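Novice: The chain contents come next:
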Amino acid sequence: MNPDLVGRAFAPTAPYLVGREKVREFARAVLATDPQHTDPEAARALGYADVVAPPTFAMVIQDLTLQQLLAEPDSGIALERTIHAEQRFRYTRPIVAGDELTGRLSITGVRAVGKNAMVTSEAEIRDAAGDHVVTATSVLLIGGDE
Amino acid sequence: MTAAELSVGDVVAERTVHLTRESLVRYAGASGDFNPIHYRDDVAARVGLPGVLAHGMLTMGLSVETIVPWLGDAGRILEYGVRFTRPVVVDPENGADVAVTAKVGALDEGVARIDLTVTCADTTVLGKAQVRVRVP
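First to last, the sequence lines map onto chains H and B. Those letters in the first sequence? Residues 528 to 673, per the working numbering, in order. Those letters in the second sequence? Residues 57 to 192, per the working numbering, in order.
Think of the hints as simulated: they come from the structure by calculation, not from any bench. The structure presented is a predicted model; accordingly, all values stated were derived computationally and were not measured. Among the hints, erroneous ones may be present.
[Claimed, not checked] Listed next, with one range per pair, are the computed distances between beta-carbon atoms: (1) 566(H) / 70(B): 23 to 29 angstroms; (2) 608(H) / 190(B): 35 to 41 angstroms; (3) 92(B) / 541(H): 24 to 30 angstroms.
Built from N, CA and C at the ideal position, the CB exists for glycine as well.
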């Protein structure tokens, strides 16, 4: 793992348009039961423009930023030696179908643990207006070279 | 639900969900996480795992969904974090049962901390699974 990744500037990910059927598919996959995730009328009754994504849907956008990290030629990260240790989301508002979202990656910490490294990766997710929606933070345990 | 109706220690929601290999394939497709340790026994065995595992993000996602009907509005969730401490092994025939209990952990100025206890086969699989929610 390369400590120089801390503070490196990454370009925002290409805009991701959140589709209603994608939200329904994701809601079903996490065994969600509440109609706000699947029924536009139920979501509108709560004041949203369309169906509300489950809270962990933000991971779909964060994954795009993690792919950027893995694609860095000097990252020193191999996916098969990577363990997801912690995950956190901080929300300004929920993701709603129709949102066009971009994620901006930053590496906020790299800590050596024996031969391994604990890497904290943050994705700041914003809507088309540039307003903050959610920040997703992953702590990854990266295994060292054998 | 208002802050005045809540006390620390109250169980606000609970459920047990049954996961099968189909659940894992469905989550892989919905999330885009196609790591083969979540659907291939041979790959799981080769990397030294006790079996095919549920995605940590599936466990995290289904756990928080347990409280959404009680909250009434997912927009009340301010923050949600977990540590992935133990794997959920999903047997090809019998699947796995994941039990979630959501309890009020703390109350402060219109914000409740909901602590999730998430177990599979009597083992706690998520650590410090806490949701901060706005309560009017």
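Novice: Each of the hints needs a verdict: does it hold here or not?
Specialist: Status of the hints after comparison with the structure:
In this structure, residue 566(H) and residue 70(B) meet the distance hint of 23 to 29 angstroms, their C-beta atoms being roughly 24 angstroms apart. A beta carbon spacing of about 39 angstroms between residue 608(H) and residue 190(B) agrees with the range 35 to 41 angstroms that was offered as a hint. Roughly 26 angstroms separates the CB atoms of residue 92(B) and residue 541(H), a value that falls within the hinted 24 to 30 angstroms.
Comparing the model with each numbered hint stated earlier shows that all of them hold.
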